[in-house]
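There are 2 protein chains.
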Amino acid sequence: MNEEIQSASPHAFPQAQIDGVYRAIRERRDVRHFKPGPLEAGQLERFIAAAHNGPSVGLMQPWRFIRIASPALRAQIHQLVDDERKLTAEALGQRAEEFMRLKVEGILACAEVLVVGLIDRRERFVFGRRTMPEMDLASASCAIQNFWLAARAEGIGAGWVSLFDPQRLREVCGMPEGSQPIAVLCVGRVEEFYRAPMLELERWDQRMPVQQILYEDSWGAQQQIV
Amino acid sequence: MNEEIQSASPHAFPQAQIDGVYRAIRERRDVRHFKPGPLEAGQLERFIAAAHNGPSVGLMQPWRFIRIASPALRAQIHQLVDDERKLTAEALGQRAEEFMRLKVEGILACAEVLVVGLIDRRERFVFGRRTMPEMDLASASCAIQNFWLAARAEGIGAGWVSLFDPQRLREVCGMPEGSQPIAVLCVGRVEEFYRAPMLELERWDQRMPVQQILYEDSWGAQQQIV
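From first to last, the protein sequence lines stand for chains R and D.
Using the working numbering, the letters of the first sequence map in sequence onto residues 47 to 272.
Using the working numbering, the letters of the second sequence map in sequence onto residues 47 to 272.
Some hints here could point you the wrong way.
Stretch by stretch, here's where chain R covers chain D in the computed footprint (C-beta under 8 Å, at least three residues) [what the hints assert, rightly or not]:
id, region
1, 55-68
2, 91-98
3, 122-128
4, 232-241
In silico SDA-like links for lysine to any residue, alpha-carbon gap of 20 Å or less [what the hints assert, rightly or not]:
id, chain 1, residue 1, chain 2, residue 2
5, D, K81, R, P56
6, D, K132, R, E169
7, R, K149, D, K149
8, D, K132, R, T177
9, R, K132, D, R131
10, D, K149, R, K132
11, R, K81, D, A54
12, D, K132, D, R214
13, R, K132, D, E169
14, D, K81, R, A137
15, D, K81, R, H57
16, R, K132, D, T177
17, D, K81, R, A58
18, R, K81, D, S55
19, R, K149, R, L164
20, D, K149, D, R131
21, R, K132, R, L148
Worth flagging that the hints you see were computed from the coordinates, not collected in a lab.
Glycine included, C-beta positions come from ideal geometry on N, C-alpha and C.
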């Protein structure tokens, strides 16, 4: 993907900017290993502004970010993630031990922890959600992807942890009924970015060839363009 | 956000690449107005590869992309989106007329239409989904955001349409029971990118100040960093 991209579009970015976008996409990792030290001034603000530039169905902007400043609260969040880690291991059955060897979060080591949640009273928003109310989660996920890519470009690691009981996380963060926590984001400096997704390096699973995810006209019908 | 970004991280990209990432994030639009003409050779492949570089919970890679090559199938998809558009207008009540004046899709005009779906038999994947099975949608949404940003960098517009009855879309695309369509993506050349989100220009809603989406330690508690 590093080849010169020929684009006739008058709206295409200069080559170095295009390279930056593809590089961030390619080199972003779900980070669980952090090294000590705070973010630089301005970084967290830029990443959150990037998230807030995300698309949202009917412009509903369903996302809220809770920055965890209290060490005691961070410890509580770590505890409830660790509890869910054990329950997940049990649910995994024969892969339980293998799962328990994986590092699945970096909550106590990273510079910043953010809890991301969907707002309450979302049923007010109908545009693009009448048949699929879950499009609010889709929007917030795009926002988090923006955050992730911006952080990667600045050399900062981020990880999305979804191992938690939403009700318990809601309680410790004072979230109202009807709101929905979707992520614990760990953000911070890293020694290095994994050269491939960590779960691939650890042989948890493999990435599929792109040909296998692309069909033509009908599910399962192979498409020839890639 | 165009100021020089000082980053001490040895993993930070060069400035022009960082600029590219932030620019794509800032200038990406949910496009409904396309101009005629195909994509260039290689573009769709690059955008899909970018999507496939998305993060996925437990590396499950739940996304599949169906490229719509048949004009008859494209017309069917347009019809079912248009049907849902009318039902949404009814559900919106007093904003129905205002909604019906908006352009909500560009299915017949764009170069490429893709239906994005989540795979069937997702209950096999437990990692990161025991308490929140909807994390598969979150992953696929991040993948679509990658696609969107890559397209923007190359000067190509993309729009995510979620106005459809999932069951009908599943049927016309031959999708198996248990799979879930989440998007009709319209992709193509544009005369121009909207200078702000179209729903903002059309005064459907306003973007919130970033201060309002960021809390500290507790939902609703104002955070001072931005």
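Do the hints match the structure? See the list:
no.: 1; hint: 55-68; result: holds (count 13)
no.: 2; hint: 91-98; result: holds (count 6)
no.: 3; hint: 122-128; result: violated (count 0)
no.: 4; hint: 232-241; result: holds (count 4)
no.: 5; hint: K81/D x P56/R; result: 13 Å, holds
no.: 6; hint: K132/D x E169/R; result: 19 Å, holds
no.: 7; hint: K149/R x K149/D; result: 46 Å, violated
no.: 8; hint: K132/D x T177/R; result: 12 Å, holds
no.: 9; hint: K132/R x R131/D; result: 45 Å, violated
no.: 10; hint: K149/D x K132/R; result: 49 Å, violated
no.: 11; hint: K81/R x A54/D; result: 14 Å, holds
no.: 12; hint: K132/D x R214/D; result: 15 Å, holds
no.: 13; hint: K132/R x E169/D; result: 19 Å, holds
no.: 14; hint: K81/D x A137/R; result: 51 Å, violated
no.: 15; hint: K81/D x H57/R; result: 13 Å, holds
no.: 16; hint: K132/R x T177/D; result: 12 Å, holds
no.: 17; hint: K81/D x A58/R; result: 15 Å, holds
no.: 18; hint: K81/R x S55/D; result: 12 Å, holds
no.: 19; hint: K149/R x L164/R; result: 27 Å, violated
no.: 20; hint: K149/D x R131/D; result: 10 Å, holds
no.: 21; hint: K132/R x L148/R; result: 12 Å, holds
Violation of the numbered hints given earlier is confined to hints 3, 7, 9, 10, 14, 19; the remaining hints are satisfied by the structure.
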